[in-house]
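Going down the list, the protein sequences come from chains U and P.
Just so it is clear: in the first sequence, position 74 is 74 by the numbering used here, and no numbers are missing.
Just so it is clear: in the second sequence, position 42 is 42 by the numbering used here, and no numbers are missing.
What the hints contain is simulated information worked out from the structure, not anything from laboratory work.
If you're wondering where the values come from, they're calculated on a predicted model, not measured in any experiment.
Treat the hints with care, since some could be wrong.
What the hints assert, rightly or not - Using C-beta positions, here's what the derived DEER-type ranges look like:
1) P/185 / U/62: 13 to 21 Å
2) U/31 / P/201: 49 to 57 Å
3) U/207 / P/185: 25 to 33 Å
4) P/185 / U/210: 30 to 38 Å
5) P/206 / U/103: 32 to 40 Å
6) U/307 / P/15: 53 to 61 Å
7) P/89 / U/216: 55 to 63 Å
No residue lacks a Cβ here, since even glycine has one placed at the ideal position from N, Cα and C.
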Amino acid sequence: MMRGMKMTTENQTFAEKFDLLGCIQCGRCTGGCPVTVRTNLNVRRFVYDAYDEGLLEELARVTDIWDCTACHTCAVRCPKGLKPLEVLIGLRSLVVESGKTQPTVRDALESTFMEGNPWDKPRATRNDWMEGLDVRIAEPDQKVENLFFVCCTIAYDPRVQVTARNMVRLLKKAGVDYAFLGTDETCCGSEIFTLGEDGLFEMLIEDNTELLNEYRADRIVALSPHCFTTFNTHYPDLNKPVIHYTQLLAELLEQGKLVFEKGLHKKIVYHDPCYLGKQSGVFEEPRRVLQAIEGVELVEFNRNRERSLCCEGGGGKMWVESESKIERLAETRIKDAHALGADIVAAACPFCVLTLDDALKAEGFEEEMQVAEIMEILGELEEMQDNSSSAQEVED
Amino acid sequence: MKIFTCIKYVPDTSEAEVKLDSEGTGVDSSRFSFDINDADNYAVEESVLIKEKHDGDVTVVSIGPKNSDVMIRMAMAKGCDRAIRIEDERIAAHDPLMVAKVLAGAIKDQEFDLVFTGCMAEDYGQAATGVALAELLGVSHAAYVKKVEIEDGKVKAHRELEGGLREVVEISLPAVLTIQTGINEPRYAPIRGIRQAQKKELKVMNLDDLGIPEGEVNAEASRIVLEKLYIPVVESKAEIIEGEPEEKAEKLASILVKGGLV
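For reference, chain U alone in the conformation it holds in the complex (with noise of 0.2 Å):
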């Protein structure tokens, strides 16, 4: 037996805890899952000889099981409401208890018991992104209508901290009630539940929960999608609840409290992130955000919304590489992006920009075409719009 694998949790055995003899062994989670057609993954085979205790070690071993990137495809089209991605992460659980991880897997764990963030950096820059900014930070007594969470990745990420900033300076453009934690923000776990490390997400989910429940705000207000569904997930005990922000901007819309003045004149396509559209059911917000931009021509995938291809970002794939050389999903979604003829490809999640970022490049389209945050896109309209305005008054 490898050293230290429990074969049941708590007092579950690995078939209750996943309720393997719910599987009617309809193969419809293999029909569907994504990464089917770059790896030998075939979670229902797993789901199926997970149910032999004494085969959980072999299973475990697979290399296979790292290929989930958890999108939850195979959980929507599971007939039966199981969710057989839980499978891989439950064999994933085996390593990890074992100690015996991928080197990057055990650094991205550790730096988020250390430091509380994945990727291995200090916990006192974890709000560096806000440098030149005026930010409001939380104080737990002061009431607050919007109480914001950033994500690790978009707080440490320099591709992507564009996020947070741009919403601070659209958050205070529109005149919204808001303000974002201090560096006490820890990790949602989302990774650190998939990747398996099941007694970390749960202090993680113990902590965050007392941190963010000391907080007097109406709700809270995540940037990725990963935290959002993580929260409204896996977090039974939070006092407020857990929006978007594409679902806060679609509201400021419809209030009439954010206006784009400018328009774009492009063509944009949008991809829904797994956990945004197909794991919490948003799909019409960051629409509807990019439709109200004047002159912005929005088409669609192919496979959109709940169809959405997933581009292997999420199920703690950032910190594991698959040993496949078959092109990655994300360059597909960039060569259909290309094929539509679309200007931008627009994201509101920050692991589906990085990654159909690097897919862009890969591809070699960066001349023709742009992967962008919907954040993005409206920071670029304010610039549009600031310059203009200054270049007015100085006509003036």
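Keeping the supplied structure of chain U fixed, place chain P upon it in accordance with the hints.
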């Protein structure tokens, strides 16, 4: 097999911007994350691998603040059996000899076969503590060890030398080995394991508990006076060599010769 593994809690300066403190003799660590010294992490893994293979037990020894308990618990979650943390502000911690004296004070009266340290700490980078510790304990040592084989009361230590060379030395136990990074792949300490490790013994001691006179390990005892730290001025000079490959090679060779580099 009785093993002592010495570990240190150090700032991660790999990507951080390093700033000096107001006195100019220390580094402002307020924006750093702290973790186990990289080479020490490999030493922990090596000691646990040896314990698993040859039986025995591992005691972690560390000089550091209470904050470093988390690092010690992680080592115990990986398989180390108990720990001693020495906390005493009187220790001249910038001097590896003083540090070695304190570590030796914690180990010398106990039975031991092997003492592991990392080959170098990421903070001061002196690579001296382990070697000094061997001298103070009166045992043999091997530094920069990349492979350990234990056979009949002896240890075969594969040392990493310059130029890709390896040296294999056979030394009698007890011995001190300073471990080079890359010797193994350190395991992950799952949180459940860290929680369980709360039950293992972590003894906190000071110089008085160890019976080490202050005057042997404090700033007065140290022969190293840290006068000042400074950040070197960044200078850069680049010359792009143009021309056909032969011309480029000739120009490059002449630059190297003129500069006394070859």
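Comparing the hints with the structure gives:
1. P/185 / U/62: 13 to 21 Å: holds (20 Å)
2. U/31 / P/201: 49 to 57 Å: holds (55 Å)
3. U/207 / P/185: 25 to 33 Å: The hinted range 25 to 33 Å holds for residue 207 of chain U and residue 185 of chain P, with Cβ atoms some 29 Å apart.
4. P/185 / U/210: 30 to 38 Å: Holds - the Cβ-Cβ distance for residue 185 of chain P and residue 210 of chain U, about 35 Å, lies within 30 to 38 Å.
5. P/206 / U/103: 32 to 40 Å: Holds - the Cβ-Cβ distance for residue 206 of chain P and residue 103 of chain U, about 36 Å, lies within 32 to 40 Å.
6. U/307 / P/15: 53 to 61 Å: violated (40 Å)
7. P/89 / U/216: 55 to 63 Å: violated (41 Å)
Violated hints, listed in ascending order, are 6 and 7; each of the other numbered hints is respected by the structure.
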